[in-house]
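Student: These are the residues of each chain, in order.
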Amino acid sequence: MKIEVNTHSKNMIRFAKEHENAVVMSADLGTSCEVKEFHRLLPERYFSMGIAEQNMVSWAAGLAREGFLPYLHTFGVFLYRRVLDQLEMSVAYSNLPVTFVGFLPGIMTPGGVTHQAVDDIAAIRAVPNMTIFDVGDATDIESVLDLGYEVGGPVFIRMLRKEVPRLFPAEEKMVFNRARTLSEGSDIAILSSSICTEEAMRATAVLHEKGVSIQHLHVSTIKPFTDPTVTEALGKVKYGAVTIENHLVTGGLGTAVAEVIADNGLNTKLARVGINGYAHGASKMYLMKKYGLDAMSLIHAVESIMGTRFDIKEEDLAEVRFEDYSAV
Amino acid sequence: MSSSEYTTKQIEKAATNIRKHILKIALDRGGCYLAQACSSAEILSSLYMGVLNLGPSLGSMDALPFPGVPGPDNMDYPKGSLYHGAPLPDKDRFFVSPAHYASVVYCALAECGRLSYDAIEKFNVDGWNLEMIGAEHSPGFECTAGSLGQTVSMACGTAHARKLKGDTGKVYILLSDGEVQEGQVWEAMQASYFYHLDNLVIYIDVNGQQVEGSTKEVMDMGALDERFRSFGSTVVNIDGHNVEQVIAASKLPHEGGPLVILCKTCGAHGIPLLERRLPYMHFVRIGADEVDAFREFYRTMGEQEDK
Chain A
120 MKIEVNTHSK NMIRFAKEHE NAVVMSADLG TSCEVKEFHR LLPERYFSMG
170 IAEQNMVSWA AGLAREGFLP YLHTFGVFLY RRVLDQLEMS VAYSNLPVTF
220 VGFLPGIMTP GGVTHQAVDD IAAIRAVPNM TIFDVGDATD IESVLDLGYE
270 VGGPVFIRML RKEVPRLFPA EEKMVFNRAR TLSEGSDIAI LSSSICTEEA
320 MRATAVLHEK GVSIQHLHVS TIKPFTDPTV TEALGKVKYG AVTIENHLVT
370 GGLGTAVAEV IADNGLNTKL ARVGINGYAH GASKMYLMKK YGLDAMSLIH
420 AVESIMGTRF DIKEEDLAEV RFEDYSAV
Chain B
2 MSSSEYTTKQ IEKAATNIRK HILKIALDRG GCYLAQACSS AEILSSLYMG
52 VLNLGPSLGS MDALPFPGVP GPDNMDYPKG SLYHGAPLPD KDRFFVSPAH
102 YASVVYCALA ECGRLSYDAI EKFNVDGWNL EMIGAEHSPG FECTAGSLGQ
152 TVSMACGTAH ARKLKGDTGK VYILLSDGEV QEGQVWEAMQ ASYFYHLDNL
202 VIYIDVNGQQ VEGSTKEVMD MGALDERFRS FGSTVVNIDG HNVEQVIAAS
252 KLPHEGGPLV ILCKTCGAHG IPLLERRLPY MHFVRIGADE VDAFREFYRT
302 MGEQEDK
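Residue numbers (our numbering), protein chains in the order written: chain A, 120 to 447; chain B, 2 to 308.
Okay, chain B solo, but in the shape it has when bound (with noise of 0.2 Å):
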């Protein structure tokens, strides 16, 4: 199924899958980034179910047996690029750089039909390809993203290229805000616009939190709007769990420079019970003492939908 053609309840849907799932994997494994998955399922299941212009994936629907790292002599194996189709001229690529955000991915693919809830099964267990931080043989990357601040980059230079060969296609990427505390972030920013970057679209999951609190306690960065708009992308501030704006936003002009999209997120939504722990969540472990009111959560979850 093509990105089109999916309907805003099904994207809705498919992210309160997204978040099911990984609450389950939380409970089922003690833990998992679930805080990211609560951020970012309706920007993720957006971009594949009514973003992206990918073909068909070429990818394995099951898991497969790690398939060895790059190298002279492994060049062909199994990359995580082939879930988002060949890499025709007047496709888009996609990128994410928050690399951590791997479980989250891979339950996306899972929704579009790129990859199989079996395979997920095989998420961070030994010797498989879907690693709880993926690089890029993990399905849906396609590069290695997690040392923050490379992947702007990269995906700049993918633009770069892109425009030189004359591609249609356009080049996304999800940032988280966190990373853009790095430095290179910044220097990417500033060589983008002077590149004229405007084939090149960054989605930032603005959930405000990071590994040791706050992104406002940890390293303020301000208005980020602002820092990117004097950087010369066009930028917009949208709600970053509701599907229309997250949509409707990849289709704003941007003449001259890269798109930059702030999707406004809690690390608690669509699960209540994690705000009592906001903003102290990168790696969700849930306790002893919370595991039945969890799972009670987790029976019932997406029944109001559905109705």
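With the rest of the complex left out, here is chain A (with noise of 0.2 Å):
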């Protein structure tokens, strides 16, 4: 599997030399935040804020009534916990170009619970004019900018850093309340999102070779979710679904899946693996395990929608090559 760094930063450059309105803003953590380059490159473009997020959430509205597009930077947890209010109120009611660019979202962190963005979706989904996005890949990562300038109004990114793998093909871009199809099958759904689908992706090589039929998705929208691919998936499956997500269980991709489950009342069964509560903090791999959003956590959520025992062992994983999709 292909490996990419930084690739927020080189696309926030390049969005911004094609849209000479866009602005970059950070508190105090732009430079954790793949925009230290930016600064270098365009300083006359970013705008230090210092530590005050909720001056920096307001002060970007009235920026974008006057025709700029705000970009803000810190960790995702500083841009709806701290700044709920300025958020609705600033922003989200006047449906105003501002990009909350949220980094470290649920568990990437070491930083711990006050680090950690596990419950940003539940918030942000109830906020009418709101869009959504959860990327989980370097592909993902170059589409989020244009397709959030596209929508208009104000979006939330759940932005990955640093090293990010390349899961989809370079030139297939996110498509706007579209999920990807990473399988097609007939026995079980499995949504997975952010972080979580590369480690679906792990699961369901095995799964597969079980003879497991899988309708695999990868969602990158989280609002609004009115996707017909995930309608049409929950429908037509025999077992039922299991939704894998890098949040709480509770607001979020799987309860986003419940809501549709029961709008067009599917009988589809269905198991939200996620995070159950706060967590603490660690690596990142050591956090997947321990708070079950790693690849056997998801085996054994299948394993329960399809009244099954597969007899996977972790052994089972780690022989598992992944394929590089953009090597092909």
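Calculated directly from the structure, the hints in this document are not laboratory data. Keep in mind that this is a model prediction, so the values were computed, not measured. Please note that a few of the clues may not be correct.
DSS-like mimics (lysine-lysine), calculated; alpha carbons at most 25 Å apart, straight line [as the list claims (entries may be wrong)]:
(1) LYS342/A x LYS355/A
(2) LYS329/A x LYS403/A
(3) LYS121/A x LYS403/A
(4) LYS265/B x LYS136/A
(5) LYS265/B x LYS14/B
(6) LYS136/A x LYS164/B
Build the complex: two chains, separate frames, hints provided.
Tutor: The following block contains the structure:
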């Protein structure tokens, strides 16, 4: 698998060169959020706002009212928990084109509970006018700014930084409100997002070998959530569906899928894999295992939905050689 | 009529009319934000009639049915900013932060011919656009300001944007004194100096009162002038009921940062019958035992000035 580095950094610079009204704002974490190079190359379009997120959000609203496109950079937690009122009343109500680029989604930080955005989707999914994107690979990252720009209005991005895999071909850009179909199948639907898609791909490779027919969707548009691809997948599977997300099981992808099942009167069993409460600080792989965001947890959820055991062990997963899509 | 064409006497008269009209609303409807009208009538009439450089209003003289909330399918609704004219580079912008001053803003717009007094008949009437606490569809409101502390940041962002674009027009904002208890105000003030917003003018209605009583009792903020000065602003204290002072203050030089004009006011100014309520007068309800006195006062209000 090809690993890309600092994809957002390059993409933000490219995007700003194509849109002269785009500006970056930072609440003292720009260097940790891949806009250090942007600052060096386009210093007159980089606004340091200090450790003062509430002011940054409302200030951005003022800039947006005058025709600028502000891209707010800090850790995701500080772009919704601390500033929810500003996000809603200064930006979302007015439907202004302000983009919240929130880094370290879910458990992507050893920084612990104060730095882990585990309930951001739950909070923002309820906010009218907002669009939410949850990127899962380098191709998603390369698409997301253009997509948000095309959609217009306020956008929240759960952004990944530094080393990110390229799971999808670079020329196959993310499509708004449309999941990527990673495998077609009729037994079970797996809907994954963010870092969990890479993990789900490890699990599905082994499940396929065991003869399970899987409809695997990677979801990158979390709001709106009216994608016919999702409804169709949930309607056609024999046993049921499993969601896996880098977020609380409450209010995130799993909840959105449950709403689709209920709204469409589908008789689809659902298992939601995700975080169940506040987490603590440690490495990504440790936390994914501890909080059940890994391939084994997904396999167990599939087993419970199908009412069977596949007797898959960690070693089987380790033997799985990941297909490098970008090398094809 | 542009701002400079009004005389001091006309602006003073407008302030009295604003108070009188809002007293009428309070009498007709059983209550209103009357103390805020009393404290800010000269500030708002002076701003609209003697300070702001605005183009002709593009807003409706009549009240409008509520045009719906902003959204992807509703961005061209009639906005409150239309009443401030086209947003041209050389024109001023004016933000009102204490949105519960809406009735005062509507009456000030009426006094300078940007809205009809007939429209104000629809003030706080279900289904119309002149709500008691305005949002950005309400006449005179350029943003949605009801959650205190946010508008100063929005005004700063607007001033920053206008500096970047090279606009010559300024950005004005009205704040209330209780509001500066919000931490966000000070985040905005530190950044306003960091970005040298010398195109930003902040009027503060220092009426010394808030919902639960006097600002000194609820959360004493000490010397406001020293606080704002220490954040880099040029600060001046004036009598907020003196039209000449309100207008003159806007012309003070303020190199390198915003101008903060602390307008000392009283929530009973112009309606002495309110004095016994001080400082508990966030929302004035006129009781059955005092309604006759207020009606009599209303009848003769402004006569002194007409002589």
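Student: Next, verify each hint and record whether it holds.
Tutor: Hint by hint, here is what the structure shows:
no., hint, verdict
1, LYS342/A x LYS355/A, "23 Å, holds"
2, LYS329/A x LYS403/A, "28 Å, violated"
3, LYS121/A x LYS403/A, "19 Å, holds"
4, LYS265/B x LYS136/A, "49 Å, violated"
5, LYS265/B x LYS14/B, "20 Å, holds"
6, LYS136/A x LYS164/B, "21 Å, holds"
Hints 2, 4 from the list above are not met by this structure, while the remaining hints are.
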